[in-house]
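We have chain A; now place chain B onto it with these hints.
Protein chains: 2
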Amino acid sequence: MNQVFNQFSDIQTKEIAPGFFSKIIHTENNTINFIEVKAGCVSDMHQHINHQCAFVIEGTFELTVDGVTQLLDKGNYAVIPPNVIHGGRAITDCKLIDIFNPVRQDFKLL
Amino acid sequence: MNQVFNQFSDIQTKEIAPGFFSKIIHTENNTINFIEVKAGCVSDMHQHINHQCAFVIEGTFELTVDGVTQLLDKGNYAVIPPNVIHGGRAITDCKLIDIFNPVRQDFKLL
Numbered sequence: 031m032n033q034v035f036n037q038f039s040d041i042q043t044k045e046i047a048p049g050f051f052s053k054i055i056h057t058e059n060n061t062i063n064f065i066e067v068k069a070g071c072v073s074d075m076h077q078h079i080n081h082q083c084a085f086v087i088e089g090t091f092e093l094t095v096d097g098v099t100q101l102l103d104k105g106n107y108a109v110i111p112p113n114v115i116h117g118g119r120a121i122t123d124c125k126l127i128d129i130f131n132p133v134r135q136d137f138k139l140l
Numbered sequence: 031m032n033q034v035f036n037q038f039s040d041i042q043t044k045e046i047a048p049g050f051f052s053k054i055i056h057t058e059n060n061t062i063n064f065i066e067v068k069a070g071c072v073s074d075m076h077q078h079i080n081h082q083c084a085f086v087i088e089g090t091f092e093l094t095v096d097g098v099t100q101l102l103d104k105g106n107y108a109v110i111p112p113n114v115i116h117g118g119r120a121i122t123d124c125k126l127i128d129i130f131n132p133v134r135q136d137f138k139l140l
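Chains A and B are the protein sequences, given in the same order. Heads up: the first sequence begins at 31 in the numbering used here, then just goes up one per residue. Heads up: the second sequence begins at 31 in the numbering used here, then just goes up one per residue.
One chain only, chain A, in its complex shape (with noise of 0.2 Å):
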C-alpha cells in the first residue's frame, strides 16, 4: 500500500540492465519505471505481458518495437503492446518513464 506523499530518495535505485538505473514504483494496477541511462547503453530485445507506455523526458533514445526503429525524445513517444518484442539504445544520456500495466510482477523480484 502506497502512502499519499512520497519522497523518490526513498526508493532504491536499481541497476535493471546495465547502464538503466531505475526508481520503480508499483501501485495496484501500475508499475511505473522512472530511469536514468547512460549514453551508449543497451536494453537487449525482450517482451512481457504488460502493456508499455515509453516517454522520453530527457535525451534521446533509440527505441526498436516489432523490427521497427526511430529515435524518442521529448516530442514523441511510443506505446507498446503486450507480448511485442522490443529494445533499444541510449543515443545521450537519457530520463524515461516507462508506465507498464498490469504491475510488473518480475520487477518485484529485481
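It is worth saying that the hints were derived from the structure and are not from the lab. Certain hints may be false.
Heads up, the list lumps identical chains together, so a pair's fine if it works in one copy or across two of them.
[What the hints assert, rightly or not] 25 Å max Cα-Cα, derived DSS-like pairs, lysine-lysine:
id, residue 1, residue 2
1, K44, K68
2, K104, K44
3, K138, K104
4, K125, K138
5, K44, K138
6, K53, K138
7, K104, K125
Just chain B now, kept in the frame of chain A:
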C-alpha cells in the same frame, strides 16, 4: 487503438481547468495526462473513482489530499487513492504528469 510511435504535437492541447493545459493519452486501462500549468493557477478540490499518481517534472506544485497539503517538486510524488478529495495550486510554472487507472472516461468528453 494507439499506434506504436506517436508525436505529442499530434495531441490536441486542452485547457482542462483555467491555466491547466493538457495533452491526454488514453490506453486500454490508463489515462496519462501531461499538463503544463501557469504559476498561481488552481485545481479546485475534486474526487474521482480513478486511482491517480501525480508527478512534477518541472516546477513546484502545492497539492492537498484529504486535507493534508504538501509541496511537490522533482523530489517527490503523490499517490491518490480512489474517491479521495484533492486539489492544488501551481507555485511556479509547472510540468506535471498524472497517471489514472482505470481510464478517465470523463476526460474523453472534454
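Results for each hint:
1. K44 x K68: Only inside one copy: K44 and K68 sit 14 Å apart there, 35 Å across copies, limit 25 Å.
2. K104 x K44: both (24 Å within a copy, 19 Å between copies)
3. K138 x K104: between (28 Å within a copy, 24 Å between copies)
4. K125 x K138: within (21 Å within a copy, 29 Å between copies)
5. K44 x K138: within (11 Å within a copy, 36 Å between copies)
6. K53 x K138: Close inside one copy (12 Å), not across copies (31 Å); limit 25 Å.
7. K104 x K125: both (10 Å within a copy, 13 Å between copies)
Checked against the numbered hints above, the structure violates none of them.
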